[in-house]
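Assemble the whole structure, with the sequences as input and the hints as a guide.
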Amino acid sequence: MTIVHYLNQFFAGLGGEEAAGHEPVRLDGPQGPGRALAAAGAAPDVTIACGDDHFGEHEAEALATLLAWLEEIRPDVLICGPSFGSGRYGYACGVLAREAGRRGIPVVAAMTPDSPGVMAAEGAAFVVPTGSNVAAMRTVVPVMAGLAVRLAAGEPVGGPDEEGYLPRGLRSNAMSDRTGAVRAIDLLLAKLAGDVRTEVGPTGDRVAPAPPVADVSSVRLALVSEAGCVPQGNPDQLPTRHANVWLRYPIGGVDSLAAGTYESVHAGFDTTAGNADPNRLVPLDAARELEGREAFGSLHDAFYTTSGVDTPVATAAKFGQEIAAELLEAKVGAVVLTGT
Amino acid sequence: MSSTVADLEIATFGIDRIVEGTQTGRDATTLTVSSSQLAVGAGEPALAEATVEVVRPGEPVRISNVLDVVLPTVKADDPASTFPGILGPATDAGSGRTNRLYGVAVVNSCDWLTPGYVIPEEFPDSLVDMSGPGADRSPFGATANVVLRFEPADRAPIAEVDAAIRRETARVARELAATTLGQEPDDVARYAWPLPAASADLPAIVPILQVASEGTLVDTFFQGEAMDDLDPTVFDPRSILDGALTNGAYDWAGVRNVTAVYQDNALLRALFAGHGERLRFAGLIIALGYLDTAEEKQRSALASAQLAASLGADGVICTTFSSGNSHTDTMLSVRACEQAGIATTALVCETNGGLTDHVPEADCLVSTGNEDELVDPWTPHTVIGSESAARVGEPVPTWAYVAACVETGDAAWTAVPA
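Chains as they are written, first to last, in numbering that gives the first Met the number 0: chain A, 0 to 339; chain B, 0 to 417.
Calculated from the structure, these hints are not laboratory results.
All of these numbers come straight from a predicted model, not from anything done at the bench.
Note that the Cβ used here is the ideal one computed from N, Cα and C, for glycine as well.
The reader is advised that the hints may include incorrect statements.
Computed spacing ranges between beta-carbons, pair by pair [as the list claims (entries may be wrong)]: (1) Gly115(B) x Ala272(A): 21 to 31 Å; (2) Ala158(B) x Asp113(A): 53 to 63 Å; (3) Ala38(B) x Glu154(A): 25 to 35 Å; (4) Met174(A) x Thr28(B): 22 to 32 Å.
Written as structure tokens, this is what we have:
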């Protein structure tokens, strides 16, 4: 079993704040808290460390170096921290945990639940919650070591409550001792008795409507759609369902989306009418007409498209954020979003 | 409760061993299946070929291209009235003695892709594993299965092929159960309707069973008729348990209401069992999901809620048919019932991204599992069905396993935080 342990400059013994700019280093055996891990049965074979400021200011380079070491060592598990309430250290732990996790290395980290590292890890690591300072070391190290040893051995790990890690935002299937039918009746009778419980709640956030466009006459308008509208033949292979990408197509100088030139590859509705007139998927004809009448400032020179069918909410939210970031960059102030 | 002629009696006959032989028959708990005697597909011009294979739990077999699962059933006093509308004329299904084999299922399989009837995007893979890491995903990895594999006749119209497959599958289910005629069952469950009055102190519960019927290969049938123009309607729940409601919708396997989940419907059985004990079973509503427009969805939800109120419902349980679009029908029904003052719960599957739709009124939901979870790769010794649709040696998403996350309440999977 090979265990690699990630620490910042302080816990690796490289120095305090004055050493926060330290480049990544690779050390043999356990360092600092690694000794406590060793005592708990999870002795690190290699310790890798980086200064918190260096990681923050040179993330890509630092990460490349650290990941190259992990590639070379191929550990059975990576342990990050504990970073407690330290924001910079926690962030570095979270990013490294995410990238290592995505490369198939099991990762255990530990930090406060509100650490930026929890978000940065994106569910790719088992993050054990800690108190904000080093006093929590004694309680957290055995939990980390226990998880690490079992993950390294490929043994199954239980749920967050049972094992003491933060929910990773994943939903894992489990066999209940009752059918869904019996659970539905049990839940309903409990609800009628005033005890309202649910097995699943909403994960998406509720989007507050944006304020009205202040000056429509000068606004740059963009067309965005999840109707699966693409150039005929789907040259970029937009998936028809479970889409993992959004695409952008230029419409500068184009007044209308002609039938036979654009089509919908959306697998969730009858596309006959949309294919007969793709302007009903992405209303370019109407937008151009209104632009000509100066009903708004100008039309953005591309439309944005994906096929919104069986798309997980998290994926759809990410698409929205990415498209919105690009539209903001292009000084777009309003969007017509056509849904199906 | 006194029995009357009008009660439905489901007599069950347990089978723990299934063998192939020259004559179809049953000896105690052993069922012998004769494929030559069953002559599946003979007399059906829309079918080119049909084969019968028997598989048992624990065998290294994956079944692919699965369309439907049917429990072997026969009307004991009038076998010709079994599966009304499919095998014979419509009847007053839901009364009299029905014999059913337990531990055995008829699984049909047909590759629609190779003859060019559909494109892969329309027809996701549909599997049952008899062993390996996915064996516990489909409830039908635990039954002995008589697998009917059909091949359409050249250029046969798809609706005719599908009708022939459904007819032949029902016929085999009836033939297998006919081995019980005149014999003593292991158990008899009796279902009266209307039910005897129960204490008004108990809450009146109404299930809204959602089905969808959007055309050939995505239809649901009542007494053999596609239900595409159904308005929310009160049904006799016994008719559902007695084979009047059958499946002809073959898209997403994991959330597919196969015929077996109507025949043996866990929710209806649990409501019958709970009547007079901890609830009053006040009636069954069937309503459509996958409705096309916002107006139709809203109208149907409101009509369902009104019907539930007219049945005196204190509580409603909404089931869901398949995933995506229909989750909106479910959520609108929950909202309409809650706004009518009826406490409501619903059964929904999850995706990796959570719920497809949600209304704040839906504060009491059953999760039937995460349909996107991957099951470890497995290489079966044998694939029944087309290998190209069998994901051999690849991770398999849960949605590919037949009825794994079925939202009728017939499976026990759920999703938990990880």
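Evaluated hints:
At roughly 24 Å, the beta-carbon separation of Gly115(B) and Ala272(A) lies within the given 21 to 31 Å, and the hint holds. Under the hint 53 to 63 Å, the C-beta atoms of Ala158(B) and Asp113(A), about 59 Å apart, fit the expected range. Checking the proposed 25 to 35 Å range against Ala38(B) and Glu154(A) shows it is violated: the Cβ atoms sit about 52 Å from each other. The beta-carbon spacing between Met174(A) and Thr28(B), approximately 26 Å, falls within the hinted interval of 22 to 32 Å.
In the structure shown, a violation is registered for the earlier hint numbered 3 alone.
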